[in-house]
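Sequences and hints are given; from them, build the entire structure.
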Amino acid sequence: MSYFDWFREDRLPTIYCAGCGNGTVINCTLSAIDEVGWKREETVFVSGIGCSSRASGYIAADSLHTTHGRALAFATGVKLANPDLNIVVFTGDGDLAAIGGNHFIHACRRNIDLTVVCMNNQIYGMTGGQGSPTTPRGALSTTTPYGAAEQPFDLAELAIAAGANYVSRWTSYHVKELTKSVRAGLETPGFSMIEVMTQCPTNYGRRNKFKQVADQIEYMKTHAMLRKKYDTLLEKGEPIPEGAIVIGEFARRSRPAMGVRRAA
Amino acid sequence: MTRTEFWQGNIACAEGALAAGCTFFGGYPITPSTEVAEHMAAKLPKRGGTFVQMEDEIGSIAAVIGASWTGARAMTSTSGPGFSLMMENIGFAAMTETPCVIVNIQRGGPSTGQPTMAAAGDMMQCRFGSHGDYSVIALCPASVQEMYELTVKAFNLSERFRVPVFLMADEIVGHMRERIDVPDSVERVDRVPLEKGTLPFSAGKTGVPGFPAFGKGYGVHVTGLTHDERGYPCATSPKLHEELVLRLVRKVEDARHEIADYEIVNPDAEQVFISYGAPARSVGQVLHDLGNENVGHLRLKTVWPFPEGILRKFPDAKEFLVPELNLGQIAREIERYVDQPVKQLPKLGGDLHTPAELKAALGGLK
Ligand SMILES: Cc1ncc(C[n+]2csc(CCOP(=O)(O)OP(=O)(O)O)c2C)c(N)n1
Ligand SMILES: [Mg+2]
Numbered sequence: 001m002s003y004f005d006w007f008r009e010d011r012l013p014t015i016y017c018a019g020c021g022n023g024t025v026i027n028c029t030l031s032a033i034d035e036v037g038w039k040r041e042e043t044v045f046v047s048g049i050g051c052s053s054r055a056s057g058y059i060a061a062d063s064l065h066t067t068h069g070r071a072l073a074f075a076t077g078v079k080l081a082n083p084d085l086n087i088v089v090f091t092g093d094g095d096l097a098a099i100g101g102n103h104f105i106h107a108c109r110r111n112i113d114l115t116v117v118c119m120n121n122q123i124y125g126m127t128g129g130q131g132s133p134t135t136p137r138g139a140l141s142t143t144t145p146y147g148a149a150e151q152p153f154d155l156a157e158l159a160i161a162a163g164a165n166y167v168s169r170w171t172s173y174h175v176k177e178l179t180k181s182v183r184a185g186l187e188t189p190g191f192s193m194i195e196v197m198t199q200c201p202t203n204y205g206r207r208n209k210f211k212q213v214a215d216q217i218e219y220m221k222t223h224a225m226l227r228k229k230y231d232t233l234l235e236k237g238e239p240i241p242e243g244a245i246v247i248g249e250f251a252r253r254s255r256p257a258m259g260v261r262r263a264a
Numbered sequence: 001m002t003r004t005e006f007w008q009g010n011i012a013c014a015e016g017a018l019a020a021g022c023t024f025f026g027g028y029p030i031t032p033s034t035e036v037a038e039h040m041a042a043k044l045p046k047r048g049g050t051f052v053q054m055e056d057e058i059g060s061i062a063a064v065i066g067a068s069w070t071g072a073r074a075m076t077s078t079s080g081p082g083f084s085l086m087m088e089n090i091g092f093a094a095m096t097e098t099p100c101v102i103v104n105i106q107r108g109g110p111s112t113g114q115p116t117m118a119a120a121g122d123m124m125q126c127r128f129g130s131h132g133d134y135s136v137i138a139l140c141p142a143s144v145q146e147m148y149e150l151t152v153k154a155f156n157l158s159e160r161f162r163v164p165v166f167l168m169a170d171e172i173v174g175h176m177r178e179r180i181d182v183p184d185s186v187e188r189v190d191r192v193p194l195e196k197g198t199l200p201f202s203a204g205k206t207g208v209p210g211f212p213a214f215g216k217g218y219g220v221h222v223t224g225l226t227h228d229e230r231g232y233p234c235a236t237s238p239k240l241h242e243e244l245v246l247r248l249v250r251k252v253e254d255a256r257h258e259i260a261d262y263e264i265v266n267p268d269a270e271q272v273f274i275s276y277g278a279p280a281r282s283v284g285q286v287l288h289d290l291g292n293e294n295v296g297h298l299r300l301k302t303v304w305p306f307p308e309g310i311l312r313k314f315p316d317a318k319e320f321l322v323p324e325l326n327l328g329q330i331a332r333e334i335e336r337y338v339d340q341p342v343k344q345l346p347k348l349g350g351d352l353h354t355p356a357e358l359k360a361a362l363g364g365l366k
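For the record, the sequence lines run as chains A and B.
Just so you know, we're using my numbering here: the first sequence kicks off at 1 and counts up by one.
Just so you know, we're using my numbering here: the second sequence kicks off at 1 and counts up by one.
The hints are simulated quantities; they were obtained by calculation from the structure and are not laboratory data.
There may be inaccurate statements among the hints.
[Stated by the list, open to error] Reference listing, derived: stretches of chain B covered by chain A, where coverage requires no fewer than 3 residues with Cβ under 8 Å from a Cβ of chain A:
# : segment
1 : 81-92
2 : 187-198
3 : 222-234
All residues carry an ideal CB built from backbone N, CA and C; glycine is no exception.
Below is the structure:
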């Protein structure tokens, strides 16, 4: 099989705008699932509401497209009721960290055995580009017309602090690394969170000096900094370049987890 | 065979759920419903089931719906504030036709109100609380025995009709202790599995589609968006939306007389009490004290879908009297269907109507 066999072909094309990063993230996720050899009838995709959360509807497997912010609470029920099912949750920055913030930290705390792929476009894409809890300070959105005044969340750090077993951050530019990281998340028992910085040309890029889709991808490529390098700079007291996107695997541990598949 | 126990209403509810085959409970503590959760926490793990205390009631009902899609019989219990939090996902359950049981041990509201006092102020909320048009089933127990029996029934109805079913109890019935006859086994109706080759949301004559449980190879997409028979989102077709919503409503409303559960005393009476939940007990006392057939009683065990046809079972009725622990939520529903005067007997604050109050309400006509 290849990742393409997982698509619900009669639902294509997707609703995504030209240049959207979500398709890349879905491809990488499905490639990783295909690599680990999960069976379609044992895999459930759960999502909330948003462009990113529409992903579950394009996959030919059992899928639950729920309410805004609540995907992890629904997924908790699915997994605890049947631990033999593999669960992947697709979500966005607003879905996961604003309205769903409480479910997010508690799912991490429970360390429930599922894999979250969060498409962080730093904006509310679906509703037309309002500010989200990850919108960088100063960025323009329809609800921050003078620049975002609030401090954004670091989703990966939040997941680590709340107890997740596997946490990483990549971007839609890092296709190979992202696929590998999703695979590691799938294979780690407990809560796995893969945060993916993705471009939203329609509602973020266009308002924030990324005239072309490629400009934002280029930005992610040139501003990405591996965690190791970031830590070294910090240690040496050297300045962190402005706009650095820290990427890499941040946590891989084996704290007690919930809902782990029963031994065959 | 039955055995006799002396149980609290909330315990009877939990035991009824276990007898009905409930294997998943997701909840969040709230007075006066907490004993249901505590009992499930103690009992479910020993039977191979799952209890999870969620981070809030939004999460509780979400987890219950998720569990139900694996085929589990799942429930939650709560009271006013938690019930309000559940509303969005209750609509999701209605839209996705997810069997689930929601127990509401009603307390005084609005807001935090009276945590330890009885009320029936959520009767309209359970019918109309989520946005959009839909239908649900609501049962109202008036005794510890019925906390058990109607919980069993709630599961069976939710499996059969694939709707959220509410056990709308109140603090009095939830916290009182009474003798109860516990049967060795109970009737069990299971959701009908989807026939392979049939579209997942194609309903056929019954109006209720077969259930494609997760993990069985159906590959079903479940969404709260308006969807076609394949389960695929299709949110801009007026015709498809209307057809879907009408089916969701009709599958329940068209079966309302079959779902109806009630008790009738003195059908030839001219004055008739209509009650549900705890006030039914005071009405029972009044009829007992009067010792004649001049006053009738219709006790509703099913409030939603409202079984208006049974109002015609009192051909000589000149007046209906409706004691409720709210400001007349169901009395107004009754007014919609009858020509006779309907006397509202609302009572707030947590105390039950006394028999003396109800007798006084009968006035000179008696
Ligand atoms: C309870 C509720 N509030 C608000 C909305 C409207 N809404 C839909 S999607 C969305 C934001 C989604 O943002 P994000 O999770 O970042 O997803 P994206 O579209 O950016 O992928 C909002 C606010 C909703 N559907 N439900
Ligand atoms: Mg977003």
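Hints, verified against the model:
Coverage of the segment 81-92 of chain B by chain A holds [criterion: at least 3 residues with CB-CB distance below 8 Å; count 3]. Given as covered by chain A, the segment 187-198 of chain B fails the check, having 0 residues with a CB less than 8 Å from a CB of that chain where 3 are the minimum. Counting residues of the segment 222-234 of chain B whose C-beta lies closer than 8 Å to any C-beta of chain A gives 6; at least three are required, and the coverage claim holds.
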